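*Asks:* Chain by chain, the residues:
There are 2 protein chains.
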Amino acid sequence: MNEYIQGEARIPEAEIKERIARAQAELKTAGLDGLLLTQDVDLLYFTGSMQNGYAFLPADDDPLYYVRRSVKRAEAEAAIAVRPLGAFRQFGETLTADFPAVMRDGGKRRIAADLDVLPASICQKLSEMLAAAGGEADSHGNSSLLDGSALIRRVRSVKSAWEVGRIEAAAKVAAEAFHNCLEHVREGVSELEWIARYEYEIRKRGHIGLMRMRAYNQAVMTGMVASGAAAAEPAAFDGPAGGRGLGPSAPQSVSRKRFARGEPILLDVGCCIDGYVIDQTRTAVIGELADDLTEAYGVTETILDMALGQMRPGALPSDIYAASLQCAEAAGLTDHFMGYGRDQAKFLGHGIGLEVDEWPVLARGFNEPLEAGMVIAIEPKFTFPGRGVVGIEDTVLVTASEPKRLTSLARGLIKLP
Amino acid sequence: MNEYIQGEARIPEAEIKERIARAQAELKTAGLDGLLLTQDVDLLYFTGSMQNGYAFLPADDDPLYYVRRSVKRAEAEAAIAVRPLGAFRQFGETLTADFPAVMRDGGKRRIAADLDVLPASICQKLSEMLAAAGGEADSHGNSSLLDGSALIRRVRSVKSAWEVGRIEAAAKVAAEAFHNCLEHVREGVSELEWIARYEYEIRKRGHIGLMRMRAYNQAVMTGMVASGAAAAEPAAFDGPAGGRGLGPSAPQSVSRKRFARGEPILLDVGCCIDGYVIDQTRTAVIGELADDLTEAYGVTETILDMALGQMRPGALPSDIYAASLQCAEAAGLTDHFMGYGRDQAKFLGHGIGLEVDEWPVLARGFNEPLEAGMVIAIEPKFTFPGRGVVGIEDTVLVTASEPKRLTSLARGLIKLP
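In the order they appear, the protein sequences are chains X and Y. Residue numbering for the first sequence follows the numbering used here, starting at 224 and increasing by one per position. Residue numbering for the second sequence follows the numbering used here, starting at 224 and increasing by one per position.
Honestly, the hints are just simulated from the structure, not real lab data. Only a predicted model underlies this, so the values are computations on that prediction, with no experimental measurement involved. Please note that the accuracy of each hint is not assured.
Said to hold, decoys possible - Distance condition first, Cα-Cα at most 25 Å in a straight line; then the derived DMTMM-like pairs of lysine to aspartate or glutamate:
no. : chain 1 : residue 1 : chain 2 : residue 2
1   : Y       : K395      : Y       : E524
2   : X       : K295      : Y       : D461
3   : Y       : K480      : X       : D283
4   : X       : K480      : Y       : E399
5   : X       : K348      : Y       : E399
6   : X       : K638      : X       : D515
7   : X       : K251      : X       : E298
8   : Y       : K569      : Y       : E511
9   : X       : K427      : Y       : E399
10  : X       : K251      : X       : E231
11  : X       : K251      : X       : E591
12  : Y       : K427      : X       : E410
Said to hold, decoys possible - Taking beta-carbon pairs under 7 Å as the criterion, some of the chain X residues facing chain Y (in silico):
no. : residue
13  : S272
14  : L338
15  : S344
16  : M436
17  : A438
18  : Y439
19  : D514
20  : S631
21  : L632
Glycine included, every Cβ here is placed at the ideal spot set by N, Cα and C.
Isolated chain X (complex conformation) (with noise of 0.2 Å):
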């Protein structure tokens, strides 16, 4: 597997055989007919190529990609068929002449998208298109479309060891940009400064210049870098730490504050080769640390150390998170957990691949058991209003043994001179 070199025209086709076969598995077990992918990251991980269109993954025959542009790059690089997509209001017909078992029952068929990314206005268009080839509307209405969103995720939650290399290489190069930056962590260096070296640093290695995010309104920019009181700052993202940012129009990650000395100084930051994400924390302080802040930094490696024990197949997402709070609790830190107060962060740690954002999630709700396969990243953290935030966070392997590490720095309280 490891022979693939970065940057390499195509994904290997019996990948994406793979994750199609488990999708059609699913869309059986969920009774649905098929899976109409639209957003880049879906299409990539589904054909091997994220150009412009549409690929429709029938539950029970071969997939085609329709592509509006460009048609020549996706021929290069799709495991899958490839389609011109041609005028968008022939499509439902289009679809009806490829795939005539799935699209003969207008009144029956169940096709679902991915419909947590979908714009709605195009979720809408695409439903009168696929209405009006030859189908009815159904008992809602206008939006014949169900979301596969879930079924997605499902399926891209598990990871093949070609993926798993992938997140290994971004781990790497993510090392040798930290290692390469720690020096630049002194007083009077700002956020700002210091993320920017450190970007520096990624992109020249194959950073793609951006770390994907699938929710709704969250971006990251390459992780966070915040120190003291800016790190304990509340802010929109949906994470334990979200810095002060750069003003109303950046309001998370790096500020212009200059590193100060004795205090916590957060580096959440990791890279993107080939579209796999790798992310990690480590905290540093320039001199000692305040006591308490050194002991409850203890505390988060206590916790990766418990989550890590119990990350086995079968184990429930749910029940790590649980046993965090716990952790939390005994330690008299519950308020300081993820963030402080109302604008604490409800998880422990979330799944990672070609998007930062995904499953499982070890937080509540999430009750289906850790699979052999999985990536997680965990990132135990504690909020100090006015003073900082300390933490850890490994990207992990879910293994039919230990679980194993993906993140390669060295653990522990990066102290500098």
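Let chain X serve as the given structure and place chain Y on it in line with the hints.
*Replies:* Frame of chain X; chain Y shown alone:
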């Protein structure tokens, strides 16, 4: 206007009030009762803050900003009143209590939202929540939200003097970074290495880390740099030149190709300061460019001048686009204009502000007259498969008299030794 300090905590209140007044006038004209804003950039524009939540803007009353997270940050930043969102399932009741005149008649009320960006699954939940709040479903069934995206894009298309000041600040940063990086345009430097340096230069000056785009599946990672044949490769990106990219997972912009002597090098790079984007392109060559490409470059300057000559209030964007097609035809370059063959982009320029792809677009179908205050990036380019792309792009403000160039780079083909 220009006393604003980069990264300041608040957008001027008068600025927000004026935007809201213009949107309310449009709502009344369209017979709409209110506008529900959901996208982070739309929230920033109309409230001054982009925290997680929803803003409701009635046609006839003061707006409210319902915030999930962070309420504290929203209160510090927003120019309109902030309320905690509370439980989402009660949001309909909350709106009914806060806006009884709008909400009382469910069967007749007309509420729009930014459906071009709002994911379908969230739209459905909002629609159900509104329908349950003492209302009735409309004639289409479950979707009671109308599409307000055209209204929003129209309001946002006309910039205030304050906004133009932000775009000029971005132009200044982009020009400094561009000049600092020009010496690295030399044989053997890769596109990736070059953009890494450029991004470092803009980032440390306050670039927020990305240039936001509104369209689904369209992302820009600080523009694109592409040389020779790599620039001319077709891409999914809806622009005249996509670039080879780093692989199927980042199939546009920079590749690992190294700059070579005698080929056109397209440097299409902007930045985003305080949320506002500048976009600009220059063409460089190491040594000498072939005569026919030099001539084609000259035609792009001619087309830019032609467009500038027509950019007055009252002119139609579609006419300017048609005129550019005529210029390309007169030069015998129709097949090469804005991409090659079936991968051609169908526009000459695009509005720009908080997002790279704002209105108006200089394209067919845009038949509403230009107004003073519109800011448009005009980017004539010619693509020669196997050889490269030549072109220029300036961002320009429509004024009552001559258009004002906001890009601060000198014109002309850049010749390097």
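*Asks:* Hint S272(X) vs chain Y: min CB-CB distance below 7 Å?
*Replies:* Check passed: Cβ of S272(X) comes within 5 Å of chain Y, closer than 7 Å.
*Asks:* Given the proposed pairing of K480(X) with E399(Y), does the C-alpha separation stay at or below 25 Å?
*Replies:* Holds, because 23 Å separates the two Cα atoms, which is no more than 25 Å.
*Asks:* Compare the distance between the alpha carbons of K251(X) and E591(X) with 25 Å, and conclude whether the hinted pair is satisfied.
*Replies:* Answer holds: K251(X) to E591(X) is near 19 Å, not above 25 Å.
*Asks:* Minimum Cβ distance from D514(X) to chain Y below 7 Å?
*Replies:* At about 28 Å, which exceeds the 7 Å cut-off, the nearest Cβ of chain Y leaves the hint on D514(X) violated.
*Asks:* Is the shortest C-beta separation between Y439(X) and chain Y less than 7 Å?
*Replies:* Because about 5 Å separates Y439(X) from the closest Cβ in chain Y, which is inside the 7 Å limit, the hint holds.
*Asks:* Are the Cα positions of K427(Y) and E410(X) separated by 25 Å at most?
*Replies:* 17 Å, holds
*Asks:* Is the hinted pair K251(X) and E298(X) satisfied, with a Cα-Cα distance of at most 25 Å?
*Replies:* Outside the cut-off at roughly 28 Å; violated.
*Asks:* Please verify that hint: S344(X), Cβ, nearest Cβ of chain Y, below 7 Å or not.
*Replies:* 4 Å, holds
*Asks:* K638(X) and D515(X) were given as a pair; does the straight-line alpha-carbon distance stay at or below 25 Å?
*Replies:* It holds: about 16 Å lies between the C-alpha atoms, which stays within 25 Å.
*Asks:* Let me know if the C-beta of S631(X) comes in closer than 7 Å to any C-beta of chain Y, holds or violated.
*Replies:* 21 Å, violated
*Asks:* Assess, step by step, whether the Cα of K569(Y) is no farther than 25 Å from the Cα of E511(Y), and give holds or violated.
*Replies:* 30 Å, violated
*Asks:* Checking one constraint from the list: CA of K295(X) to CA of D461(Y), max 25 Å. Satisfied?
*Replies:* Satisfied, since the Cα-Cα distance of roughly 15 Å is no more than 25 Å.
Hints 3, 5, 7, 8, 10, 16, 17, 19, 20, 21 from the earlier list are contradicted by this structure; the remaining hints agree with it.
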